[in-house]
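Kindly produce the complete structure, drawing on both the sequences and the hints.
These are the residues of each chain, in order.
2 protein chains.
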Amino acid sequence: MSQVYGRVALIGLGLIASSMYWSIKRGGLAGEVTGFARSEATRETARRIGLCDRVCDSVAEAVEGADLVVLCVPVGAMGPVAEEMALHLKAGATVSDVGSVKKAVIEAVAPHIPEGVHFIPAHPLAGTEHSGPESGFAELFDNRWCLLVPVEGADPAAVAQLRAFWEGIGSNVEEMDADHHDLVLAVTSHTPHLIAYTMVGVADDLRRVTDGEVIKYSAAGFRDFTRIAASDPTMWRDVFLTNKEATLEILGRFTEELFALQRAIRTGDGDLLHDYFTRTRAIRRGIIQAGQDTAAPDFGRGKSVK
Amino acid sequence: MSQVYGRVALIGLGLIASSMYWSIKRGGLAGEVTGFARSEATRETARRIGLCDRVCDSVAEAVEGADLVVLCVPVGAMGPVAEEMALHLKAGATVSDVGSVKKAVIEAVAPHIPEGVHFIPAHPLAGTEHSGPESGFAELFDNRWCLLVPVEGADPAAVAQLRAFWEGIGSNVEEMDADHHDLVLAVTSHTPHLIAYTMVGVADDLRRVTDGEVIKYSAAGFRDFTRIAASDPTMWRDVFLTNKEATLEILGRFTEELFALQRAIRTGDGDLLHDYFTRTRAIRRGIIQAGQDTAAPDFGRGKSVK
Numbered sequence: 001m002s003q004v005y006g007r008v009a010l011i012g013l014g015l016i017a018s019s020m021y022w023s024i025k026r027g028g029l030a031g032e033v034t035g036f037a038r039s040e041a042t043r044e045t046a047r048r049i050g051l052c053d054r055v056c057d058s059v060a061e062a063v064e065g066a067d068l069v070v071l072c073v074p075v076g077a078m079g080p081v082a083e084e085m086a087l088h089l090k091a092g093a094t095v096s097d098v099g100s101v102k103k104a105v106i107e108a109v110a111p112h113i114p115e116g117v118h119f120i121p122a123h124p125l126a127g128t129e130h131s132g133p134e135s136g137f138a139e140l141f142d143n144r145w146c147l148l149v150p151v152e153g154a155d156p157a158a159v160a161q162l163r164a165f166w167e168g169i170g171s172n173v174e175e176m177d178a179d180h181h182d183l184v185l186a187v188t189s190h191t192p193h194l195i196a197y198t199m200v201g202v203a204d205d206l207r208r209v210t211d212g213e214v215i216k217y218s219a220a221g222f223r224d225f226t227r228i229a230a231s232d233p234t235m236w237r238d239v240f241l242t243n244k245e246a247t248l249e250i251l252g253r254f255t256e257e258l259f260a261l262q263r264a265i266r267t268g269d270g271d272l273l274h275d276y277f278t279r280t281r282a283i284r285r286g287i288i289q290a291g292q293d294t295a296a297p298d299f300g301r302g303k304s305v306k
Numbered sequence: 001m002s003q004v005y006g007r008v009a010l011i012g013l014g015l016i017a018s019s020m021y022w023s024i025k026r027g028g029l030a031g032e033v034t035g036f037a038r039s040e041a042t043r044e045t046a047r048r049i050g051l052c053d054r055v056c057d058s059v060a061e062a063v064e065g066a067d068l069v070v071l072c073v074p075v076g077a078m079g080p081v082a083e084e085m086a087l088h089l090k091a092g093a094t095v096s097d098v099g100s101v102k103k104a105v106i107e108a109v110a111p112h113i114p115e116g117v118h119f120i121p122a123h124p125l126a127g128t129e130h131s132g133p134e135s136g137f138a139e140l141f142d143n144r145w146c147l148l149v150p151v152e153g154a155d156p157a158a159v160a161q162l163r164a165f166w167e168g169i170g171s172n173v174e175e176m177d178a179d180h181h182d183l184v185l186a187v188t189s190h191t192p193h194l195i196a197y198t199m200v201g202v203a204d205d206l207r208r209v210t211d212g213e214v215i216k217y218s219a220a221g222f223r224d225f226t227r228i229a230a231s232d233p234t235m236w237r238d239v240f241l242t243n244k245e246a247t248l249e250i251l252g253r254f255t256e257e258l259f260a261l262q263r264a265i266r267t268g269d270g271d272l273l274h275d276y277f278t279r280t281r282a283i284r285r286g287i288i289q290a291g292q293d294t295a296a297p298d299f300g301r302g303k304s305v306k
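Taken in order, these protein sequences are the chains called W and S.
Everything in the first sequence is counted per the numbering used here, starting at 1 for the first residue and increasing by one.
Everything in the second sequence is counted per the numbering used here, starting at 1 for the first residue and increasing by one.
Take these hints with a grain of salt, some might be off.
Because identical chains cannot be distinguished in the list, a pair is counted as satisfied if it fits within a single copy or across any two copies.
[Said to hold, decoys possible] Straight line, CA to CA, 30 Å or less: simulated BS3-like cross-link-like pairs of lysine-lysine:
(1) Lys244 with Lys103
(2) Lys90 with Lys25
(3) Lys216 with Lys244
Please keep in mind that the hints were generated in silico from the structure rather than gathered at the bench.
In structure tokens, the structure reads:
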């Protein structure tokens, strides 16, 4: 692996940025990595654990002289941050991001990008239910996808350089347009998260009735939902507010299907249920074959739950 | 550990029965374990891999002389199997089961239990998305709950013996009544499974449109749902058909909550979403503190996805 950018600035120091930093170091992908976080407590934590070569106290200082600036803040904060840093960007630099939605980020950020600076949105499909500067680890992106969403007229050389950077981080890289990205992610990530949050919320109401039994007897299914529903609240609020259209569309289809299965339960239509459950099993096999998960049973918990 | 029953008969040789067998052997909990499966192919597999001390070709042969008979067939098959074995049960024997619902099992099985035989329903809260005789492993029940649901007038000594058996298998044992069991499980397991099946079904429709992208870019959330939705179709069909009332009740609450969140997305009510997502995070912490899951990120996949 060798250096792809001279200086990289990470704006926002949560799970994604901290994982990027450790991965950049592992691969020797940048000469220097600066970092900035809005919260003083986060900056202090970053300094204490050696996260970033230099933690800066302002966005301006962090982006100054950077060849790549990566916005790693919640989607709703990207516009204001882009505005704040605009005047301090180096000519010829690339601005990118790691947001889970792309149309809204492009609308919010693109107007602030000065002439002579490249803007290449990106979305690494990786994460865990933990958040904050101490939750990162270098392997987070290994063999995961990173989707680049270049805007019209993007400079091919700048795109190629960003691709090399993400490949150095360990990802498989593909390009996609913003509309399509937002729809695919509404299916594979956003709607499932909303559903998991909802189910855990229902159980929370019931928990008061059943005196802790929901937690105590938390079985496969619910237990797994709680993990998904433990993800960062600010990030997910912004995802739903900014990918509203696609999420509502997929939610509509979900409700339609759920009502059909609910009706099958009510009427006792076992054949419909059995056929449905057989079909969904095949998708699981597809995901394992595509190398996006392991075949180890029960999330690999089987022999090791402490 | 020492012997709890002289002879144990396992009826049905899938994930649960095969895990029980390996665990019984690990703990030396029975003098002999017989096994029966309806399918000849399953019996052949069991013989090939050494599952059960003796694989029998009929229910009658398997239960003859058994001190404990455990029904490990799908819930919908339990009534007919109980009827078939009734005349062959040893006086003073205990009949139990591992079904995910309890009211329907009691209604189906109890009428067939002869005078002088104990019937003590049970439900080990453990499983994986894999099924069949080759999917079992001795550690499946370690530190998981097993709920005993004794019917009115159950013999305390017989209940104590079954408790000792499940503790020997590695479980924590509690008693619960059937109605309450079915409601708690509708929340912690049955409804989450139906929701996961539904979401994966929606994606399957969409997959045809997006040419495999749903699988390719399967991210946290959906990927985890596919694991849950890969569970045994027959078992789950029977669960929903036999725990209809509680599942429909919880589904009603789920839909109500989902519509509230959907409305918040549509109207842009970020505070409601943020509050909701913060509340669900606390439940996750409760589950980890209760020892029912690990705190390792992303289902422990972080550093090891192949």
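Hint by hint, which ones does this structure get wrong, listed from lowest number up? When the structure is compared with the hints, none of them turns out to be violated.
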